[in-house]
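The whole structure should be built from the sequences, with the hints applied where relevant.
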Amino acid sequence: MTSPEGVVAAVRRHLHRRGGVLALLGVAGVSGIVLLLAWALGGAGWTPGSPLPVLLLLLGFGASGALLLSVAVFLRRWSREDRLTREVERESDLPRGSLRSQLELDRAPPAGVSRTLIRAGALSLMSRLDPSPQRLSGRPGRELDRLLRGTAVATLLLASALLVVVLASPDRSRTAWAGLASPGTILSGTGLAPLTLVPGSVELPRGTVPSVEVHAPDRGTVTLYWQATGEPLRERTLAVESGRAATELPPLEAPVRYWASAPDGARTDEARLDPSDPLLLSQLIVELDFPEHTRLPNERVQGAPTDLTVPEGTRIGVQGRITGGGSQLLVLRGEDGESRLRLTVEDERFQGEWRPERSDRIRWEMDGEDGSRLPPDFELTIEPDLPPVISMPEPGRDVELPASLRLPLLIEAADDFGLDRVELRVALLGPDGEPMTPDVEAIGVEGERQVSLRPVLELTTWGLEPGQELLLAARAVEASPRGQSTSTPEYRLRVPSSAAQRGAARDRIEEVGDRVGELARRAEDEARELRDQAMDSRTGGSRGEAGFQEREAVREAAQAQENLTSEVDELRQELEAARQGMEGLGDQDGGLAERLRNLESLLSEMADPEDQRRLSELLERLESGEQTDVSADLAELAEAREDLRDRLEEAMERLQREALEEAFLGSEEDVRGVAEDQQALASGDALEEEGGAEEQDRLAARSQEVEEALAKLAERLEAQGDQSAADRAQEVSADMSRARESMEAAADAARAGESDEAAEAAEQAAQAAQEALQEMEEARMEWLEEWEETIRNALRRGAQDALALARRQDDIRARIQGSGSMERSGLQSEEAAVVQGTRNLATRIGVATRQAPSVGREVNAALGEAMAAGERVVEGLQGRGGRSGAQAAAGRASASLNQAALLALAGMERVGQTPDGSAMDDLLQELEDLAAQQEAVNQETEALSGDPEGEGASARMEELAAAQEAVAGQVEELADQPGGEWTPGDLEEMAREARELAEQLGEGRLEPELRQRQEELLERFLGAGRTLERDGPTEEREGTPAEEVERRLISPLSADLLRNQRIPLPTAAQLEALSPAERRLVLEYFERLNRGSDGDGTR
Amino acid sequence: MMGPALQTFLGILLAVSTAETPGLQNPLLEIRAHGATSYSGFAADYSSLIPGDTTAIPLEELPRHLADPESRTLALERIRSRAAESNGPRATRWSQVLVMAEKGSAQAGGLAVQGLLDAEAGDPTGGARRILEGLDGVEPEDRPGLLFLASDLLEADEPEEAASLRRQLLELDPEAAEAQEARLVLARYLAGSPETEHRDEARSLLEELVVTAPSHPLAPEARRLLSTLRNP
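For the protein sequence lines, the chains are A and B, in the order given. Residues in the first sequence are numbered from 1 upward in steps of one, following my numbering. Residues in the second sequence are numbered from 1 upward in steps of one, following my numbering.
Keep in mind the hints are simulated off the structure, nothing from the lab. Since we're looking at a predicted model, the values are computed, not measured. Just so you know, not all the hints are guaranteed correct.
[To be verified] List time: in silico SDA-like cross-link candidates among lysine to any residue, alpha-carbon distance up to 20 Å:
# : chain 1 : residue 1 : chain 2 : residue 2
1 : B       : K103      : A       : R824
2 : B       : K103      : A       : A794
3 : A       : K712      : A       : E511
4 : B       : K103      : A       : E789
5 : A       : K712      : A       : L784
6 : A       : K712      : A       : E649
7 : A       : K712      : A       : D514
8 : A       : K712      : A       : L665
9 : B       : K103      : B       : P69
Structure, rendered in structure tokens:
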């Protein structure tokens, strides 16, 4: 400010600046106020058509305009120079008008006025002016400052408030101010679609969780506001998808008002949700009591059920409380309108139950009311109790029973609620093809819902016959009271033919033989390994306390021994099963069953008791931690293993031999079968009848199979070294081939209707088959005889060799007497050689008689005694026992060797001629049993004859007759059994005698003669047993029937015969007339007579 | 309560009681003459060896009965019982005779019995001669056994002839059942000879035995003897 003009201008500028700022702040404040007002009025959204945004804007503009006008007027007024200068003069304490006058002077200096004075006056004026325009502005300046300050504060407060609302509720702020941004749109109500609330104002059941939707097309979000009575306002922003936004409100317990708004300011009308109480009932409980057989735990449903699915038989209990309402009867009604349950209300409570029988839709009704406040209807679904399901995958079809007559089954059954049992039903088909009374066996399954059973059908005790059929079925019965059941289809079980049964048994023998061979090889390997281990242990110096590993090695070896014997026992069980199967079928091939039994015995002897005992002791020592000599233990185990190997090899040879023999026999049976059937076909008119050609074809096919079996048999025989038998088998096969060709020709001719040619060809086939059969029988007998002859030759050689050793022994014995020490040394070595030779002989006999073990055992027992005696000879020659002892032992050795020779010769007769010892034992046992039964009958007859008219005598007589009849039946069976022909005496005649006695008893005739005949019959049984036991069967043995012997008058023996002399014996001629048994009895009798009369004549 | 057997016994008893008192012709007394005082005096295994008739046939009638098919079995049982009741070398010889009688023809068996009976009567040489004289009348397959028996009977008195018979046996049938023993016994005889060729022959015989039948019961003795020969 350098001049008064400048000062005025500065002051004027100062005022204008202040005024401008004031205007700005004022407008800002007005804007703030408008925004706050909009926030307050439109924060919840602008209703379409609302003028408020426009009004607010107008108000804002208006206020702002007014403010600006005011400021402008104020400035205009105070910007006048005169007022302005006056304020400056006042503020500067200048005389009024000084500054104005100066300004005028400066602007238009009057004429004549010195500019210098003017300037000096300006300067003087200026020196008296405040340099600050603000101070010079005076009252207007101060007014502006005051307004400015106030406006600034107000504006600042408004800004702060705006900041707060923006931060606190940005959505509201946005919503409100968005409306301000488009007041025209809001005022016009056009552009975006209005918001819609769903469900709007409704009543909902109390406690319901309301689902609310806001339809807000073209919006991205909406805000839902709601307020329950007594609760604060809540809001939730929802994302809009496909023009809808949905959410759930809290459970409806009190009336709720709600609305929604969009960011564009759109807003719905306020809606209302009112809770209603639909259930008139309270504390409603539905109890579900399921049937016991379902084993389901009972359930409780709190509140009204929606849908119920329950098993059939469920009891439904309903209980609850009724609040309000005046009805005394609550009814559950079905779809058909009929009531299912009527509940009487007492003291506001009700309770009842019913057992629905079918599915239904249940409706609640209050008697006399429309039930609008009752629970909604619900679906009641009754699940029926389904019948069980069952299947039998094994066998699953008609099958042929295995040879063992044990059929493993697999039965699978299931039920929805559990099974009570599964029944197995087996019925034998009678001769008419109709099933007989079934045998039913129930298997309890304890309520299981699903079972898989694997029973084994055991038919060995049924007495089945080859070719019979049975029907098999399974039935599942459920555990429910209805006891529904389901059965499987019936399956036919065919009993294998005797041929099939025997074939299976034969195959089993062969399989077992192969497996025994494997076990023997394994035993051999293990024995060798044990020997090596023993050797290593010995050379390693581990005598005494054995390390852990060594002890474990011994333990494992011992365990392996047990495993071997256990495996052998399993093989024995297989043979046993095959035999039982055959016996169960009543197979008449007692020879095969007997061979199987013998083989079982052979295998059961594998476990030598002595070896087992040593093994057990060894294991005990190992378990107790006792010190043990590992090397010795291993050697002991090796020895046991070798022994087992030897026994296994023997068993294997027996089995292989038996298998081959059975194969031979089986082939012979097959050939016989074909020959017989062909003969039957050729001899009758069957070939001309319908199906005759087909039957011929089947026979031809069988013949083919027999040819192939014979070819295989020939191979086996050749492999066995039986070339002759192999060749003959080939010849039989060739015969069967010719027979087959003729059969095929016969079948072709029969089909062509050429009956004569067919008959001729069939006859040729029958003839060829018969020739084959004859050839086969001869071949088998020849083969058997060759084999038996081989054994006999071996025994004969063995006898010869035993005698050779006996001669050596006799020679040694003779030279012991009188021998010096030098000679004794030589004799020792000779004796040792004899002992070794005897051992060799025992080995050879053992090998040769593996197929006749009983003979071999006897001979080897004698050889064993000879060896033992020989060793005592050696000991005696060594000085232990003396020469006399040695000589005596040599004598015993010689005698044992002679004994061995005689036993070998005796054994020759037994090879291949008689049933084995076990069959003999069976015969003996049967005879003993018969004798015991007969004795019991005799005693009872004796007792009854003492009081024939006594109480119950008639019944006892009948029982006696039945018992005697039973004896007769058993004797007949014994006669029919294989080996029965070896029983001394005529069994058939004995059976007839027993039957006649039974008839007399049945007629009540208790005559003395009857009792005598009973005693005689008993004596015959006893005599037959004694004879069998003593004599054994021989080729020349014959059973002679008991004959009537003329009773002679027996006079007492003369005294001369009984005094001091021996009674002369019968001559050879006299004795020859008797059977061997009778001769023996005679001789013993005479011996007893003569006994005690030697020398002194006493008896 | 008598069975038919007992009735028969009594019948026989009656018949016997009315017969003449028999003397030594009674065959059973033959047994007692050889030591048995009663039937229980037979060898312990009597019952197992003699299932049938045992004592009715006199020894000297054995050849006849061996030739009779109806009594052959009884004859064999008689021989068996004879062997069983005997001791030592006699038992062995009777057992040997039984082997021959079982295997061979009736003639061979009878010849063997006769020869042995001669020997037991004190004339083993005569018995051997009887056998050798009857050799041509028997089947060829029976001759080795008879030769063996004859050589055994001559062993004590005519060892050289016995050796010759054994050679004949080996030439006749080197595979005979008696052949190995013949080899051994011949070798023993030859080993005792001072002549080298005899000892060589002995060695050869023993080697043949050991090689062809290493597990023969006489093989250990043969080896022992061979060792002796090789290391005198």
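Handout entry: Hints the structure fails to honour
Key = 1, 6
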